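Start from the sequences and build out the full structure, keeping to the hints where you can.
Going line by line, the protein sequences match chains A and B.
Mapping of the first sequence onto my numbering: position 216 corresponds to residue 216, and the numbering continues sequentially without gaps.
Mapping of the second sequence onto my numbering: position 144 corresponds to residue 144, and the numbering continues sequentially without gaps.
These aren't lab readings, by the way, just hints derived from the structure by calculation.
Do not rely on the hints blindly, as some may be mistaken.
Same chains, same names: a pair is fine if it fits in one copy or spans any two.
Using 30 Å as the maximum straight-line C-alpha spacing, the simulated DSS-like pairs for lysine-lysine come out as follows [unchecked claim]:
1. K251 <-> K155
2. K124 <-> K103
3. K251 <-> K169
4. K124 <-> K211
5. K155 <-> K103
In this text, all values refer to a predicted model and were calculated from it rather than measured experimentally.
Protein chains: 2
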Amino acid sequence: MSKNQDIYTAGLIIIGNEILSGRTLDANTQHIAVTLNEAGVTLAEVRIIPDTEGTIIETVRHFSASFDYVFTTGGIGPTHDDITAPSIAKAFGVDWNENEQAKAILLAHYGPEELTSARLRMAKIPAGASLIPNPVSAAPGFQIENVYVMAGVPKIMQGMLDHIAPTLKGGAPMLCGTVTLDVPESQIAEDLGRLQDDFPAVDIGSYPHFKNGELGVSVVLRARDEENLAAAQKALLAVLDARDVAYNIDKPVK
Amino acid sequence: MSKNQDIYTAGLIIIGNEILSGRTLDANTQHIAVTLNEAGVTLAEVRIIPDTEGTIIETVRHFSASFDYVFTTGGIGPTHDDITAPSIAKAFGVDWNENEQAKAILLAHYGPEELTSARLRMAKIPAGASLIPNPVSAAPGFQIENVYVMAGVPKIMQGMLDHIAPTLKGGAPMLCGTVTLDVPESQIAEDLGRLQDDFPAVDIGSYPHFKNGELGVSVVLRARDEENLAAAQKALLAVLDARDVAYNIDKPVK
Numbered sequence: 001m002s003k004n005q006d007i008y009t010a011g012l013i014i015i016g017n018e019i020l021s022g023r024t025l026d027a028n029t030q031h032i033a034v035t036l037n038e039a040g041v042t043l044a045e046v047r048i049i050p051d052t053e054g055t056i057i058e059t060v061r062h063f064s065a066s067f068d069y070v071f072t073t074g075g076i077g078p079t080h081d082d083i084t085a086p087s088i089a090k091a092f093g094v095d096w097n098e099n100e101q102a103k104a105i106l107l108a109h110y111g112p113e114e115l116t117s118a119r120l121r122m123a124k125i126p127a128g129a130s131l132i133p134n135p136v137s138a139a140p141g142f143q144i145e146n147v148y149v150m151a152g153v154p155k156i157m158q159g160m161l162d163h164i165a166p167t168l169k170g171g172a173p174m175l176c177g178t179v180t181l182d183v184p185e186s187q188i189a190e191d192l193g194r195l196q197d198d199f200p201a202v203d204i205g206s207y208p209h210f211k212n213g214e215l216g217v218s219v220v221l222r223a224r225d226e227e228n229l230a231a232a233q234k235a236l237l238a239v240l241d242a243r244d245v246a247y248n249i250d251k252p253v254k
Numbered sequence: 001m002s003k004n005q006d007i008y009t010a011g012l013i014i015i016g017n018e019i020l021s022g023r024t025l026d027a028n029t030q031h032i033a034v035t036l037n038e039a040g041v042t043l044a045e046v047r048i049i050p051d052t053e054g055t056i057i058e059t060v061r062h063f064s065a066s067f068d069y070v071f072t073t074g075g076i077g078p079t080h081d082d083i084t085a086p087s088i089a090k091a092f093g094v095d096w097n098e099n100e101q102a103k104a105i106l107l108a109h110y111g112p113e114e115l116t117s118a119r120l121r122m123a124k125i126p127a128g129a130s131l132i133p134n135p136v137s138a139a140p141g142f143q144i145e146n147v148y149v150m151a152g153v154p155k156i157m158q159g160m161l162d163h164i165a166p167t168l169k170g171g172a173p174m175l176c177g178t179v180t181l182d183v184p185e186s187q188i189a190e191d192l193g194r195l196q197d198d199f200p201a202v203d204i205g206s207y208p209h210f211k212n213g214e215l216g217v218s219v220v221l222r223a224r225d226e227e228n229l230a231a232a233q234k235a236l237l238a239v240l241d242a243r244d245v246a247y248n249i250d251k252p253v254k
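Right, here's the structure in full:
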């Protein structure tokens, strides 16, 4: 947990061999990062781990003790390789049993004839967990202590996160402004270093890119205090004007 | 290190506040995963961490001791927030000094007048490291022990990885076949479980997706042995035929 409770932190655990094998591009991290930021929660670390019981248990325990919130995606479906729920039950030393409420949800969705034993496996939830609704395909996620267990399919994960986000307690959201330049970052590196010294409470990031054969750079200013952020942006633009470097304000400070 | 040296493992460390803030989608993981797989190296874990010295040092040390190869992306540019190189020097307890070879590369690229002190910072490399060429913008990456330090800009990272990949010692590459179905995975979950029992040396993964309002599933079969893989695919198709489930072979077993 963060000691300073103006800052709330989260860790994200992406459980999935399909990401590690390169089969699937992980797009969940970006969506979760943006949503958490809006809720005033800082995503502090992401781990992409295989569907391996020992690794899941160890990572969940470590993250649960390290961050205010932990999110996981993947591995809660009906197949043999979906081992997230029983692994998390083990991480917290609780049973993994059929949950009556989850069973009722699946029964309403599938009907009694289609509720096969494979599908019933999705009603097995760690004891003491509360359910997270799944607006797409019924089978719920769950929350146990500070760990939120979500599906890996982006559409389903997003539906679950929409339900969770309003319940999170966060600090002031991080505000940001982005200014993009068509010069290599090395050309303004010293100026940015001085600007960072002048505005210690503003996080000044310099992110190079390569487009149409040319290097460019986006300068991202991030802070929780709007006035401080606006002052840093003003100082940055003054430096760029003085250096005769053209810029584009992609995202103005709010 | 893997004890069984038929299997070679790698860990990937993505160093970048811009991924954790949601500003940037990480596409490097997928490219690196695919390249390593072709080299017979299994990507075992990915961590996305902030540009924070202590976290970089701790993660690099842990990964270097845990995996055959470690790759990092990000944080080796000329600006104040690029702290990967000095942090990795600290992780290995070596100095972080101007490297003559790196300086010569930058000098040839920028010319003596444009080689500013900010740019010269990119010539500072942990002592004892060897350089990794950068075919895009000259400033090199480096290798120290089993750790390969690459740029974060995808085009540059890919150029560096193209140089590294042929030098990696790997095992037999993981072969794979993919069969996609337009039914929810819960409909074939029990069959897949039995198939996994029948083919323990084939990794059978079930990856649901949601397209045009319908759930479907890709079944991915992975193994190092081609014959075993082909037999598992044949058994899978027989089950699908028996169940009258239509399928598409996206990627046939080689």
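**Message:** Could you work out which of the previously given hints the structure breaks and list their numbers from low to high?
**Reply:** none
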